[in-house]
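Student: Given the coordinates of chain A, assemble chains B and C onto it according to the supplied hints.
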Amino acid sequence: MNIPVQKELFERICILQESYTENNIVSVQQFSFEALTHLMNLISCIHVLTENNAMPPVLANKILAAIFYEPSTRTSASFISAMYKLGGSVLPFIAGMESSSVRKGETVVDTLKTIAQLSDLLVLRHPEKGIHTTLVANIFSPLINAGDGYGEHPTQALLDLYTILREKQSLENKTVTIVGDLLYGRTVHSLIRLLHHFENVHIQLVSPRDLALPREYYSGEKETESLEEVIGESDVLYVTRMQRERFKNPESYDQYKSLYLINKDTLHHAKNNLIIMHPLPRVNEIDPLVDKDTRAVYFKQVKNGLYTRMALMCLLLFDRNSHFYDFF
Amino acid sequence: MNIPVQKELFERICILQESYTENNIVSVQQFSFEALTHLMNLISCIHVLTENNAMPPVLANKILAAIFYEPSTRTSASFISAMYKLGGSVLPFIAGMESSSVRKGETVVDTLKTIAQLSDLLVLRHPEKGIHTTLVANIFSPLINAGDGYGEHPTQALLDLYTILREKQSLENKTVTIVGDLLYGRTVHSLIRLLHHFENVHIQLVSPRDLALPREYYSGEKETESLEEVIGESDVLYVTRMQRERFKNPESYDQYKSLYLINKDTLHHAKNNLIIMHPLPRVNEIDPLVDKDTRAVYFKQVKNGLYTRMALMCLLLFDRNSHFYDFF
Amino acid sequence: MNIPVQKELFERICILQESYTENNIVSVQQFSFEALTHLMNLISCIHVLTENNAMPPVLANKILAAIFYEPSTRTSASFISAMYKLGGSVLPFIAGMESSSVRKGETVVDTLKTIAQLSDLLVLRHPEKGIHTTLVANIFSPLINAGDGYGEHPTQALLDLYTILREKQSLENKTVTIVGDLLYGRTVHSLIRLLHHFENVHIQLVSPRDLALPREYYSGEKETESLEEVIGESDVLYVTRMQRERFKNPESYDQYKSLYLINKDTLHHAKNNLIIMHPLPRVNEIDPLVDKDTRAVYFKQVKNGLYTRMALMCLLLFDRNSHFYDFF
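Chains as they are written, first to last, in my numbering: chain A, 39 to 366; chain B, 39 to 366; chain C, 39 to 366.
No lab work stands behind these hints: they were computed from the structure. No false leads were slipped in.
Pairs count within a copy or across copies, as identical chains cannot be separated in the list.
Here are the simulated EDC-like pairs of lysine to aspartate or glutamate, each with C-alpha atoms no more than 20 Å apart in a straight line:
1) Lys338 with Glu323
2) Lys330 with Asp148
3) Lys338 with Asp148
For reference, chain A alone in the conformation it holds in the complex:
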């Protein structure tokens, strides 16, 4: 192991811990611009170390409780892998896990308080918006929000920001086009809030009028129903899934679905250094033939999500003075 690199990792974690002193990640709004900057630096450092097989097992005796009241293959797997890559272990409670306790009539707070005794970090997805805020007041364990209904999904927004910064180096004078369901897509709500931290970023919003961005997240961005109109100026194209059941009549779904399909034709007038993002899973929004286009970064996003979650777990759990390191 190259000692300076490991030393650098420890230092970056400590700097971040100084600028972010809470023991939970419930909303992206908890991050100051300074904390965000330190977080991005830490993710970058973990990215390099992990790709070179040189990431030390810094959370080797820690246990993550991954609690998913709604199933999510992708998000749960990402958190679980992140803990493994840090040397820790995972107690998985995936969809239906609650059957046993719920059948016995236990409350969610009691279930989580119990699991908190058996683990070092709770990662919770739950359909009830705002539930994490309630829990933080009752349970004093470290906690990460992995999605609360139509509320937030902060780790997705943070990995999206990391992906943009890594691919484009800076957001200065960049144009980010977000297309699809902007009404219900919680990942874009949080992402837009994060982008507002940066100056001179141009955001373009493309959606059917019925699925426009809620006004609470809106601050004067360009809005249009036509992707064709704005794709040419875009540096980042962020595509979201459009769900059929959200449309009042099926015809308008079919109409917009094909209007926003990303394929060779759509990309014809796009910049050569555009990046195409998608939170996945995709259904029909992006033609699989686009996968081989070097501008497609959506599978890279998955990997960046792993590094982002590793960084967040280090932020909440790393203790430089732990006796545990004496064993290694």
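Tutor: Coordinates of chains B and C only, in the frame set by chain A:
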């Protein structure tokens, strides 16, 4: 790592292994008073080491097979976390796991014999009372009973005993009041058997007549239907869940449920240094407002369960001479 | 740790990696006789090290994604344990795991491409014959076939070969009798292909005519419906499960089931050094009383499966120059 402490851990495990020579934990009756004392000392040592992040990964290459034919979020999670905190791994076979093999017509013995080849320790919950005794005769792997129907649940009783001893220092001249369903509550049956090892312990049994302690566990303790009558003298109040379906008529359930509800009023005449225990999950037996009362120790019980199961796994699996330690 | 032994392990892995350069194991036909020999040597080395608690955690920072679209307690547990015994971690996606992504309309290729970003090795069981070949062309991660419908199950055949070689030392002039469902039993198809690598092996095939070996695997072996006729000359008796639903009429199932039942009587004229194998789970093919006969090796097969899968994972993932080893 403070070497003397680790040395002390190893010594305590070895002393316990000398006084408990079986390779399974099926019933609390397997423990002599001497073995029980060494076990309590070991749990206490593991408790301190783990809370100080100084527990060495003594079972780092061992695999636990956690086999739950009946689901139990709490108990399975406790065993799994215990193995993780010892550095080991877990093969989870939780409720419904048997679908595959059972569908193919395999017997339970064959399934477990197979899993035994792939793991170092079996932890089994199964609805059939006494099944563990049958298995021990056929499978020679280390095995822990995690509950067999209305039979035993020895690890719960051992963690309860540890909790009492830790909180009250000694059982000498202490009064332990057990309230609720004493007929079907297997955890209290085993706990009562353990308490009989100690001299000068006063046990008080509080239950509806229909749910009185079976005579095979009874040895002259005070029995009453009124909690109010005995709470004032209690040093330990052990509350169990009362299950509606166990009552002949719903009215009597409703009557007793409110009679034994633990809340501020119930505790008005209780001692200041009382401890309130519950195996969890609770339904309506204890008002959540009691949680903040310093006398409530039921969430501490969960943590003590972790340390108790760590100790039992060390007892069955630790090998001081293992070559594996040469890697660390 | 005995350094020469660990050095020997590393050397055996490297020699195997030189003779088997693909990054996936889809079919036994990918193995040359030379690669097969090096693999058998490596399994043998891992067998000794593991039984002596001296196997180093060579894949300590690696993650296996165990993806079972069809449940299989035994096979999935074997792969998972193998990774644990190598020090690695496991993301389990067992039957029903696909519900979340599939519900959202994602393709299998997209799901696996995503999981590949979060893990170091894919182990996949899927009902569609040949699916692994398609996936290898799209996903560049290491991959092991854990069964594809009526296609192959290469790791089972390799562990069967290892078991025979370990028990009989050599295949030279040995008679291997395979009995049961030879039509649908994919494990025997692959095993027969592997046996064809060796000279002077005599294979005898025993099955009802309706369940005879498909001609594509056949190369002139003796075929009969009578086990009695050939058991006496056998050195290896490989018994497979006969599934009732495969028979045109129930009477013929009942007839053959009892005809091929292995019990004390069947074994009366068998050699003293015969070995009796079965891929498990068994239903009625072998009387449980035979388990105590020293010729029964089917539970040993399970353990050999663990060592075989450990060897295959080392083959695909071990990197002698990894920085990670600097931590240990």
